[in-house]
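In order, the protein sequences belong to chains A and B.
If you want this note's numbering, it's the position in the first sequence, counting the first as 1, plus 653.
If you want this note's numbering, it's the position in the second sequence, counting the first as 1, plus 13.
Don't read these hints as lab results, they were simulated from the structure.
Hints should not be assumed to be uniformly reliable.
On the chain B side, residues computed to face chain A include the following (Cβ under 10 Å) [stated by the list, open to error]:
id : residue
1  : Glu16
2  : Ser26
3  : Leu53
4  : Ser55
5  : Val59
6  : Glu61
7  : Leu63
8  : Leu64
9  : Glu105
10 : Leu119
11 : Val125
12 : Ile130
13 : Ser193
14 : Ser194
15 : Phe250
16 : Ala253
Here the structure is a predicted model, which is why all the values come from computation and not from measurement.
Just so you know, even glycine gets a beta-carbon here, dropped at the ideal spot from N, CA and C.
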Amino acid sequence: MQTTDEDIQEKQWHFGKFHGRASSYYRIWTVNTLLTIATLGIYSAWAKVRTLKFFYGTTELNGARFDFHGDPLSILKGRLIAIVLLGLYLFGSKIHPLVGIIGTLAVFCLMPWIFVKSQKFKLGNTSYRNIRFSFRGSMKEAYGIWFKYATFPLLISLAGIGASFISTEDQTIVASEILNKRGVFSIGLLLINGVYLLFAFSFFFSNVINYMFNNIYFGKSKASIQSSPKEVAKEIVFPSSMRFILALASGFLLFSRFATDLDMVLLILFSTFAPLFLVYSGIVRLSYGMMNFAWHRIKLNGHKIQTNLKFSHFFIIEITNSISTILSLGLAYPWAVVRKKSYIVNNRGIELAGFEQFTSDLEHQESAIGEEVSETYDLGFEVGL
Amino acid sequence: MREFPAQYFDKESAQGRPVSLSIKDDQLHIKSELFQKSYLLSECKVQEPLLDTPLIVELPDKIRLECLYDEELLNLLNSHKRFAHLSIFQFESKMKYFIVGTSTLLFLSYLVLYFVIPAASETIADYVPKSYAEKIDHLILKNLDRHFLNESKLSEKRKQEYRKHLKNLGIESYRIAFRSSEKIKGNAFALSGSTIILTDELVKELKNDSLITAIVFHEIAHLEKRHVMEQIIRDSFLTALAIVVVGDASAGTEMFTELSFVLLSRNFMREKEIEADLYAANLLRKKSIPVSCIVESLRKLQEISTKSSDSFFSTHPEFKERIDQIQKTFSITEKCV
């Protein structure tokens, strides 16, 4: 019955519409911040839920809005546990260096678990038209990807931590000599990790994106994505790296033979400003690239989703946001966030005939509600809609 | 009786149905082209409203209603509840409430930052056992030695000479650590347990043992009053609070919190320094050392600090103010020998 309805209706693009206003978010954000301080942080869980509810509830798609259902108490519980563990780690690592190493290893081993849990929590508590999303990725697959790509940099980092504990107990050795050797060793390790990151990122990111979005469900309907490391390299790594390399090159100008010329003031200004600007631009390009890359390729039940963003426009929004936030000592933050969200949501759409085809998966919902939807260790995995 | 438009979503399909709502006799009536339903108001769960978002009503059997926000509708739906008007939404949506609420919260936050947290830190600091403090000192000193301090270049004779001077005054329970430093010129530090750090430059500039002792007594004041431990605890509170607040507000508020930290610290430091000065002057008097010694030490330290370019963010308050406070409280008769 429903398929014939769909055949008759034509597919069209439905774009998001953002209804949030800066003035509204200001009030919510002010009340959130002040209540959080006044309650010594306890209210932060409620503040987080309210913020998500605001951004979801102001996002309209085809006449209906999104919603977030997370229970603040679960978030609070998770945060308290996280803070206690963080405190133990920070304090313990000052007492005994081994604690630092054990802590790093523990975090490393827990990363995939925390990631999967927070995805399940966030998506399982997100709904649209009374149908819940869900994340059904397996722990096994998450661990597989993580161990495959992150083990090498971890070992390098551990070597670095280990090296820093070669202490100068023997005072007869000149301290500067040890520092030099240690410094060279650390820089060497950093370079190794950097080069590895450059090459492995494309593979890692492509795997993560595929894993994440191929396991997202809207009710019974599945999202899908297909990406390859080559595409990641071309669309994300290359443009960002170019900017970072240019930043390095322009930074070196300062140390070149031109540095002794009379135009030194201008040169210094250029040589400090240009690299900073380029690095910033590289970072923005990276986050833009990652977001855009995923959203250009996701399909829901075979229907295409698209985000029509232009990097130039996005960059201008980002840089004006950053500058005004810093100059206003943070007070412009709510305005900046609303502005950016608005641009992204208004340019995101899905191509389909109607929403009747989507149904909720009540069996999964029933079984999931108890466990995955109520536990989170909230470490800010903001990979949102 | 007014009717309100809404969208009706059942538990299974994503298709929403346009319906109209009306409230009568403590019941919510839903009317659409295809059906009519009624629910008791007590069965309807009204979500706390939020600016710019629709009004959401959750009904039994997982049914969801999305309505255009309307104050009358909200009041009708909540008519059977008593404290609905005390919601956070009221504070966000009505300017009057918002101003009163925000001002109250600002005041509470001010109290928390300037009174509650410092008072709590002070109390907790008193309960920290000395052995813990000693362990922390050990770590702090190790860290300082790694980055800021070098081995003292004073002769062993000079060091022992001064230590004996202190012992003769009956001061035995503190550890004097001599260090030299290019970064931190003539200065002295108290840690959190019983360690006091003296720099070579300070010892050389002051020369006179009584002058040095005046400074040492000032540092002893910090130790006895547990100022450093208090500061460590207070900073931990503020950092934890900042993580929680910034964790949600993120981005630009980072700079705001950093700045507020610095500003808060400067105020606290000023009071503590004056407190330590007065304690030191008192102790000098008890040990029959002229109070003018601390005044003269401060004057000499002022000379040293004006010689080296000091940064704007130094934590030592105006030397003049401190000297004035001492002279106001104590009668200074003898000269320092």
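For the hint on Ser194 (chain B), just tell me whether its beta-carbon gets within less than 10 Å of chain A. violated (14 Å)
Hint validity - Leu119 (chain B) Cβ closer than 10 Å to any chain A Cβ: With a closest approach of 6 Å, the Leu119 (chain B) hint holds.
Given Ser193 (chain B) was flagged as interface, is its beta-carbon under 10 Å from a beta-carbon of chain A? For Ser193 (chain B), the interface hint is violated, since the closest Cβ of chain A sits about 13 Å away, which is over 10 Å.
Let's test the interface hint: is any C-beta of chain A closer than 10 Å to that of Glu105 (chain B)? holds (4 Å)
Val125 (chain B) as an interface hint toward chain A, with CB separation required under 10 Å: holds (6 Å)
Holds or violated: Glu16 (chain B) as interface residue toward chain A, Cβ cutoff 10 Å? At 19 Å from the nearest chain A Cβ, Glu16 (chain B) fails the 10 Å test, so the hint is violated.
Taking the least C-beta to C-beta distance, is Leu64 (chain B) closer than 10 Å to chain A? holds (4 Å)
Does the interface hint hold: is Leu53 (chain B) within less than 10 Å of chain A, judged Cβ to Cβ? violated (21 Å)
With chain A as the partner, please determine if Glu61 (chain B) meets the hint condition of a C-beta pair closer than 10 Å. Interface hint status for Glu61 (chain B): holds (8 Å vs cutoff 10 Å).
Does Val59 (chain B) pass the interface check with chain A, least Cβ-Cβ distance below 10 Å? Since the shortest Cβ distance to chain A is 14 Å, the answer is violated.
Regarding the hint that Phe250 (chain B) lies at the interface with chain A, is the smallest CB-CB distance below 10 Å? With Cβ-Cβ at 8 Å, under 10 Å, it holds.
Let me know if the C-beta of Leu63 (chain B) comes in closer than 10 Å to any C-beta of chain A, holds or violated. holds (5 Å)
Comparing the model with each numbered hint stated earlier shows that hints 1, 3, 4, 5, 13 and 14 do not hold.
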